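Enquirer: Let the sequences and hints guide you as you build the complete structure.
Line by line, the protein sequences give chains A and B.
Position one of the first sequence corresponds to residue 1 (the numbering used here), numbered consecutively onward.
Position one of the second sequence corresponds to residue 421 (the numbering used here), numbered consecutively onward.
Since the hints were made in silico from the structure, they are not lab data.
Keep in mind the model is a prediction, meaning the values are calculated, not measured.
Errors might be hidden in some of the hints.
[Said to hold, decoys possible] Selected chain B positions facing chain A (Cβ under 10 angstroms, derived; list incomplete):
1. E549
2. F574
3. L592
4. V628
Here a beta-carbon is modelled for each residue, glycine too, at the ideal position from N, C-alpha and C.
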Amino acid sequence: MALQDLTPQLRTRLGRLERLVGWFVTLATLLLLFGLGYYVYQLAESRGWFLTKMPYFTFVHNAAGLNVGDRVRLMGFEAGEITEIKPQPPDDLYFNVYIQFRVKEPYYGYLWENSRAKVGAADFLGHRFIEVTKGTNAIPTYGMHEITELNLAEAEKFIGSNNIFFAEETFIGTNVAVSTSEPVTAAALKKLAALNIHSVQIANKNVPATPPRWIWDEKTAKYKPIPKPNKGYWLHVDESPALTERLETVINTVETALPDFLGLTNKLARVLTNAAAILAHADELLVQARPAVTNFAQITANLSGPKGSLGEWLFPTNVNLQLQNTLGSANSTLLTAQTNINTLSSNVLVSLENVANLTSNLHAQVQGNGLILTELSELVIHTDDMVQGLKRHWLLRSAFRAPTNALPNSLVQPRVGGEK
Amino acid sequence: MKTRAGTVDEGRRGNGSAFLRELAILHMLAVLLGCRSAPPAPPSPPAVSMAERAEEQAAKIFAQHNWPAAARAWQVAVDHSSLLNDLGGEAVALHNLAQTERELAQDAEAQKHLEQAARLNEKLGRASEWWRNQIALLQLEAQFKETAPLKNRFAKLFPLAPALHDRSIQALFLNEVGLWQKSQGEAAKAEKAFAEAEQNFKAVKDSVGLATISANRAELYEEQKNYSAAIAAWKEALAGFQALADPPHITQSLLGEGRTLLTANVDLPAAEDLLRRAARNYQLLQKPQKAQAALVLLARCLAAEGKEAESAGQGLP
Numbered sequence: 001m002a003l004q005d006l007t008p009q010l011r012t013r014l015g016r017l018e019r020l021v022g023w024f025v026t027l028a029t030l031l032l033l034f035g036l037g038y039y040v041y042q043l044a045e046s047r048g049w050f051l052t053k054m055p056y057f058t059f060v061h062n063a064a065g066l067n068v069g070d071r072v073r074l075m076g077f078e079a080g081e082i083t084e085i086k087p088q089p090p091d092d093l094y095f096n097v098y099i100q101f102r103v104k105e106p107y108y109g110y111l112w113e114n115s116r117a118k119v120g121a122a123d124f125l126g127h128r129f130i131e132v133t134k135g136t137n138a139i140p141t142y143g144m145h146e147i148t149e150l151n152l153a154e155a156e157k158f159i160g161s162n163n164i165f166f167a168e169e170t171f172i173g174t175n176v177a178v179s180t181s182e183p184v185t186a187a188a189l190k191k192l193a194a195l196n197i198h199s200v201q202i203a204n205k206n207v208p209a210t211p212p213r214w215i216w217d218e219k220t221a222k223y224k225p226i227p228k229p230n231k232g233y234w235l236h237v238d239e240s241p242a243l244t245e246r247l248e249t250v251i252n253t254v255e256t257a258l259p260d261f262l263g264l265t266n267k268l269a270r271v272l273t274n275a276a277a278i279l280a281h282a283d284e285l286l287v288q289a290r291p292a293v294t295n296f297a298q299i300t301a302n303l304s305g306p307k308g309s310l311g312e313w314l315f316p317t318n319v320n321l322q323l324q325n326t327l328g329s330a331n332s333t334l335l336t337a338q339t340n341i342n343t344l345s346s347n348v349l350v351s352l353e354n355v356a357n358l359t360s361n362l363h364a365q366v367q368g369n370g371l372i373l374t375e376l377s378e379l380v381i382h383t384d385d386m387v388q389g390l391k392r393h394w395l396l397r398s399a400f401r402a403p404t405n406a407l408p409n410s411l412v413q414p415r416v417g418g419e420k
Numbered sequence: 421m422k423t424r425a426g427t428v429d430e431g432r433r434g435n436g437s438a439f440l441r442e443l444a445i446l447h448m449l450a451v452l453l454g455c456r457s458a459p460p461a462p463p464s465p466p467a468v469s470m471a472e473r474a475e476e477q478a479a480k481i482f483a484q485h486n487w488p489a490a491a492r493a494w495q496v497a498v499d500h501s502s503l504l505n506d507l508g509g510e511a512v513a514l515h516n517l518a519q520t521e522r523e524l525a526q527d528a529e530a531q532k533h534l535e536q537a538a539r540l541n542e543k544l545g546r547a548s549e550w551w552r553n554q555i556a557l558l559q560l561e562a563q564f565k566e567t568a569p570l571k572n573r574f575a576k577l578f579p580l581a582p583a584l585h586d587r588s589i590q591a592l593f594l595n596e597v598g599l600w601q602k603s604q605g606e607a608a609k610a611e612k613a614f615a616e617a618e619q620n621f622k623a624v625k626d627s628v629g630l631a632t633i634s635a636n637r638a639e640l641y642e643e644q645k646n647y648s649a650a651i652a653a654w655k656e657a658l659a660g661f662q663a664l665a666d667p668p669h670i671t672q673s674l675l676g677e678g679r680t681l682l683t684a685n686v687d688l689p690a691a692e693d694l695l696r697r698a699a700r701n702y703q704l705l706q707k708p709q710k711a712q713a714a715l716v717l718l719a720r721c722l723a724a725e726g727k728e729a730e731s732a733g734q735g736l737p
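Expert: Set out below in structure tokens:
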């Protein structure tokens, strides 16, 4: 029905309604746009899109387990992400893989000249991660404050100023003449003049530089302006092999040690056999010694007899021979036992050394992969949470009913009379 | 055209049913995914859960017939309930501790704990539990040489019995009454008590009780020298206990049937077989006195069969 077909009153009412609807739609659209904008802003803030990010790079032997977009950690925080992974040219003799990553504000302030990029195993599936280490007692990789290059005459104006420091290192041979973070003093400037140095970099710690405009140059031992494009600062790598390689090494060690271990068990079996033989010999010895003891009793009887002297009594020849045989076999038995005990102790020593090696390897593994234990623990906890949640889900909870047996009552059984 | 129109209609119907099916699937998915799991139940206080766990543990060990361990476990349950001032739980644990002590032949301790449990239940007004304590005490005192305590207890309980409405407890009590009357030589009264007990056990569908009544009735018939009825009752008891997989009572039924056959001097080979199995089972159950009694009966049976030589060869008494 067209609007013109309506009565004037209805047309007025509908026109008013249309206006209201228009206002409502406009307001809803504005609210929607505002909400979307706010959401995007929050997202950007939480993901650090507004933060300054500074590039770094390093070289590794092997790119296994590393991917573009992987997080870079610093002191346990997510400090940045990997932006580029590419192999080095074939004629590069020293490095295999180039990895570039960005570190966001404020974490790049912790990275100094002696910071390292540690590449370690992240899990049992072969993934690895980069963890950059905090620098100590060295120069920040990016100039965090305003840096100016002045001649010595201009620099003299800053003698005694607060928070004004040299921003470069000067050497006499291999000794440091002027170091960074050293305040500007007349003596230091005199030293520089004596070295025929005409200009010097000075950092003013009263004025922070955000974003940084200077990058440390190891070769010249001074800051240089950040070039465009900025490849970043080179962090030296501290790379541990992938977990699979380490496991392979462990298995190889075990494989190498296994024959020794089996040899040890064989030797132990031999030692036990020898010990059994010793016991048999000892038994024989006792049997052989018995007549000797009897004879000895006869001797003492003779000695205590009425005649009481050895002159009338002599050892029979057969007893003498038996005694000699017995002593000979006892001697050989003792020698065999000594040899066996020596062998046994040396074998036990070797096995103990192997066990010590094994445990130290295991210890190193656990120390090198401390995060794995944490993550495994978290995995177990989250799995438990999930299973507990499933147990309470309305669809599945009937399968996990708590035992319905009530607590026990006073137990009484009917008695059969003949039990008395 | 009609055919064509029909095809179009069928197509529409087909589309409609597919739409409905998809709608149903979507609805189910929404229900499945949309309903979140219930929040976890609030944890009970540690002391309460420890006490409950102690009772559960004790009941499990008791069911396994590991009597020394069960006694320790019930003692722990008693202590936990006492710490929580849970008098009901303490009474139950004391009762079950006493039952375990009966199995360990610690009759004095058992009696003391049953009396304690009865006092607690009386204080709490828990009549059924109190009656259970009393029946356990009747069973315990029936094993004593002196009959005076048992007589006194019956004298105390008989006036209270009409107020007893729990049929299970009624049956247990009547069974004890029947056994008491049997021991007093009142066979007719005992038979009546057993019959009433049987009715109650039937009413509560207590298979153990029914098998027990059969065994008690068999002993009664045996005393009355009604051997055919006794043998039938023993067979019934054996079938009942076999269905319940109750080794001690199966062995007792085997012995009873064998003894009755021997006394009646009928089917001696069957009696010999039953007595042999009873003796062996008592040895397996580590009840040497009962095994010895079975062997004495077996020796008598072999003598009755004219197998004295075999009896002497096997070192039977």
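Enquirer: It remains to establish, for every hint, whether it holds in the given structure.
Expert: Right, here's what the structure says about each hint:
| no. | hint | result |
| --- | --- | --- |
| 1 | E549 | holds, 5 angstroms |
| 2 | F574 | violated, 14 angstroms |
| 3 | L592 | holds, 6 angstroms |
| 4 | V628 | holds, 6 angstroms |
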